[in-house]
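S.K.: From first to last, the protein sequence lines stand for chains A and B. Note that the numbering used here has the first sequence beginning at 1, numbered continuously upward. Note that the numbering used here has the second sequence beginning at 1, numbered continuously upward.
Take these hints with a grain of salt, some might be off.
[As the list claims (entries may be wrong)] Straight line, CA to CA, 25 Å or less: simulated SDA-like cross-link-like pairs of lysine to any residue: (1) A:Lys162 - B:Asp77; (2) B:Lys97 - B:Gly54; (3) A:Lys116 - A:Thr208; (4) B:Lys125 - A:Ser40; (5) A:Lys210 - B:Asn143; (6) B:Lys146 - A:Glu198; (7) A:Lys31 - A:Arg141; (8) A:Lys176 - B:Glu88; (9) B:Lys97 - A:Ile173; (10) B:Lys97 - A:Arg194; (11) A:Lys162 - B:Leu36; (12) A:Lys262 - A:Ala226; (13) A:Lys162 - B:Arg115; (14) B:Lys125 - B:Ser12; (15) B:Lys131 - A:Tyr160; (16) A:Lys176 - B:His120; (17) B:Lys125 - A:Leu187; (18) B:Lys131 - A:Glu161; (19) A:Lys176 - A:Leu148; (20) B:Lys125 - A:Pro14; (21) A:Lys6 - A:Gln92; (22) A:Lys137 - A:Ser151; (23) B:Lys125 - A:Cys191.
Simulated from the structure, these hints should not be mistaken for laboratory data. Note that the coordinates shown come from a computational prediction; the quantities given were computed from them, not determined experimentally.
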Amino acid sequence: MEGSGKLTYSKYSPDVRLSPFLICYYFFEAKFDDVKIIQSPPTGYAAMTFNFISDYDVCAGVDTEFTPSPSAVIIGQQTKNYKLRLSGHIQQIGVVFKPTAIATLLNYPLKDMVDKRVALEMAIGETESRLLFERLKNESRTDYRLALIHSFLLEAMEGYEKRMNVADLASDIILKSHGTISIEELLDQLCVSRRHLERKFTDKVGLTPKQYCRIVRMAHISNIVAHHEEIDWQDLVFKGGFHDQNHFIKDFKALNNLSPVKYHQEHAELIRLLHNNKKS
Amino acid sequence: MKTTKLVQESTSVMEMKGICLEFFSAYQEKDIARMLNLCTTDGLVFFEPLEELGTGLINEVGRHIWITLMDCFPDLDNTVMQLDWNEEANAVHCRVKIFGTQQKEFLGIAAQGLRFDSDHIFIFKFDDQTKIREIRILWDHENFLKQLIG
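Required output: the full structure, derived from the provided sequences and hints.
M.R.: And the structure:
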């Protein structure tokens, strides 16, 4: 972690009890001499992050200017590429949740959280949020911090069965299909009415299943574009289930604010930096 | 070693699937005591489209709803279409066709002698003793009501 621009990003798997709800935990650390803007595409996931040293600013895809991010924050579904303005010493630990998991575990539906982030205290109360943040901040080892978050989430699981519903099942099916499943197929698999599914899903996620499929489909494609040096564009158009290249480019631009080629170029630098750090 | 574990796991999954089939067999025979005997005493049931009304203990809410259904639809029957083990959820997912003819008022709907035929998803979770500790049931309730109202 010496020198400017060095990044550490590590992912950790949840244990078997939490794996139905979590994608991963992550640790992120970077030191910047200058201000650095990092763009991030919608992922289809929700998150909870804790930021410890320097503050940072965020500009959601629907916003026009940067605003400071709270230190402990819940992040809802993003529908557009968003930007982080980082400077100084950034150190974060976070949890990436499946789309319905914050509602199911923390009893905090993300209905009004699309393209938004709110202080964690809104979801779990001021005292508990402050205690958790301070305990995490006072701990320097990542494994101890992860253990604290793990214990917090296990406690939050209490009575989760009563908060589970068809939305949790639907989101798993959508994620497994990378967003390519049709709503008719989804309804057939779950044996429920469209109205019931839409109501439950929108309450927990903030988007309709159809809107969410679109985000997941494009998030998967954006991930491929960002992490591969050579892209078979025709194959992506085909596998993404787009009618043609024009529809693909239009949808890609709508979410990422960049053409697929420009996006590929802009991410190459960041990916190279991360790879170089892993090797060194 | 790995092979032994695999065989043990699949045996346990087969046992759970067998219990699900036994549950539907008891349901078919309208033997509620046998259905409940396969479940833990504190097991939970979620008849999801019924919201709060369909949420509670298998022994209370489940028992009440199944008794009412069997009373109002004397020819109530089911066909198990599919049984799948969901590794991640640690649960057996069953697709079941349930059908019957209404002879008494049900959920405020007067009996018109109409028949319903509705695909359901039953999701069973088990405890360590292979007793059912949770049942989650999904169906298209709007379509179910439409069939009874005509």
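S.K.: Any hints from earlier that this structure breaks? Give me their numbers in increasing order, please.
M.R.: Violated: hints 1, 4, 13, 19.
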